[in-house]
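Undergrad: Let's have the full structure, built from the sequences with the hints guiding it.
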Amino acid sequence: GAVVSQHPSRVICKSGTSVKIECRSLDFQATTMFWYRQFPKQSLMLMATSNEGSKATYEQGVEKDKFLINHASLTLSTLTVTSAHPEDSSFYICSARTRGLAYEQYFGPGTRLTVT
Amino acid sequence: GEDVEQSLFLSVREGDSSVINCTYTDSSSTYLYWYKQEPGAGLQLLTYIFSNMDMKQDQRLTVLLNKKDKHLSLRIADTQTGDSAIYFCAEAPGGYQKVTFGTGTKLQVIP
Numbered sequence: 149g150a151v152v153s154q155h156p157s158r159v160i161c162k163s164g165t166s167v168k169i170e171c172r173s174l175d176f177q178a179t180t181m182f183w184y185r186q187f188p189k190q191s192l193m194l195m196a197t198s199n200e201g202s203k204a205t206y207e208q209g210v211e212k213d214k215f216l217i218n219h220a221s222l223t224l225s226t227l228t229v230t231s232a233h234p235e236d237s238s239f240y241i242c243s244a245r246t247r248g249l250a251y252e253q254y255f256g257p258g259t260r261l262t263v264t
Numbered sequence: 051g052e053d054v055e056q057s058l059f060l061s062v063r064e065g066d067s068s069v070i071n072c073t074y075t076d077s078s079s080t081y082l083y084w085y086k087q088e089p090g091a092g093l094q095l096l097t098y099i100f101s102n103m104d105m106k107q108d109q110r111l112t113v114l115l116n117k118k119d120k121h122l123s124l125r126i127a128d129t130q131t132g133d134s135a136i137y138f139c140a141e142a143p144g145g146y147q148k149v150t151f152g153t154g155t156k157l158q159v160i161p
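So the protein lines, in turn, are chains L and S. Okay, so the first sequence: first residue is 149 according to this note's numbering, each after it adds one. Okay, so the second sequence: first residue is 51 according to this note's numbering, each after it adds one.
Possibly wrong hints are sitting among the right ones.
[Unchecked claim] Mimicking BS3-like on lysine-lysine, the simulated pairs with C-alpha atoms at most 30 Å apart in a straight line are:
1. Lys212(L) <-> Lys117(S)
2. Lys120(S) <-> Lys168(L)
3. Lys148(S) <-> Lys214(L)
4. Lys189(L) <-> Lys156(S)
5. Lys106(S) <-> Lys162(L)
6. Lys106(S) <-> Lys189(L)
7. Lys86(S) <-> Lys189(L)
8. Lys203(L) <-> Lys168(L)
9. Lys203(L) <-> Lys106(S)
10. Lys189(L) <-> Lys120(S)
11. Lys86(S) <-> Lys120(S)
12. Lys120(S) <-> Lys162(L)
13. Lys168(L) <-> Lys117(S)
14. Lys106(S) <-> Lys120(S)
Rather than coming from a laboratory, the hints here were simulated on the basis of the structure.
TA: As structure tokens, this is what we get:
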């Protein structure tokens, strides 16, 4: 199956700083990428959907100025958590989908963000 | 609105069959999925079924869909300790539409 990587796998940052998480599709072109957030023992919450070359579509309740998403190429999307606070600590997972395989979504391994 | 429900926990003995159940509310769902998540990892797509199918079998995995009752199940035959994980069902109304995930079922396999 297709491979999606995320970097970093774990990050600890101080409150008030910004953190960038990268999501890459390694062996296919990702026309659409998704960013999810997962709290402990909970399901995935979709934060935003990004299509290559266009602005991300954010889900209701997700602050677009706080969670900046850039999908600049067909293999890379980034999520920047700006002015992070301890409540932003979570597991962030990206996924990618390619045109023509609309029903298959491939997930990255996730990034554990801890804000101190 | 969309809502996908699962029981939180299932415990089985190694070698037995596991059945994980899921109910969804969106009658327009076209694609229904099962994902596996191991601790600290992302999600792995196990299998999916289209809404015009009743059953799909893939090696040890059998998916049953009751569209009338909006009920989806995943049966794992000959469950192994490596099957211990959280299993999420998910649904989407169309191929390019948002996927909604269930609450997840933690499967514990006892040796």
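Undergrad: Each of the hints needs a verdict: does it hold here or not?
TA: Now for the hints, and whether the structure bears them out:
1. Lys212(L) <-> Lys117(S): violated (37 Å)
2. Lys120(S) <-> Lys168(L): violated (40 Å)
3. Lys148(S) <-> Lys214(L): holds (22 Å)
4. Lys189(L) <-> Lys156(S): Answer holds: Lys189(L) to Lys156(S) is near 9 Å, not above 30 Å.
5. Lys106(S) <-> Lys162(L): Distance of about 48 Å is beyond 30 Å: violated.
6. Lys106(S) <-> Lys189(L): The hint holds at about 29 Å.
7. Lys86(S) <-> Lys189(L): Roughly 14 Å between the alpha carbons, so the hint for Lys86(S) and Lys189(L) holds.
8. Lys203(L) <-> Lys168(L): holds (17 Å)
9. Lys203(L) <-> Lys106(S): violated (37 Å)
10. Lys189(L) <-> Lys120(S): holds (24 Å)
11. Lys86(S) <-> Lys120(S): holds (21 Å)
12. Lys120(S) <-> Lys162(L): violated (45 Å)
13. Lys168(L) <-> Lys117(S): violated (42 Å)
14. Lys106(S) <-> Lys120(S): Given that 30 Å is the threshold and the Cα spacing comes to 16 Å, the pair holds.
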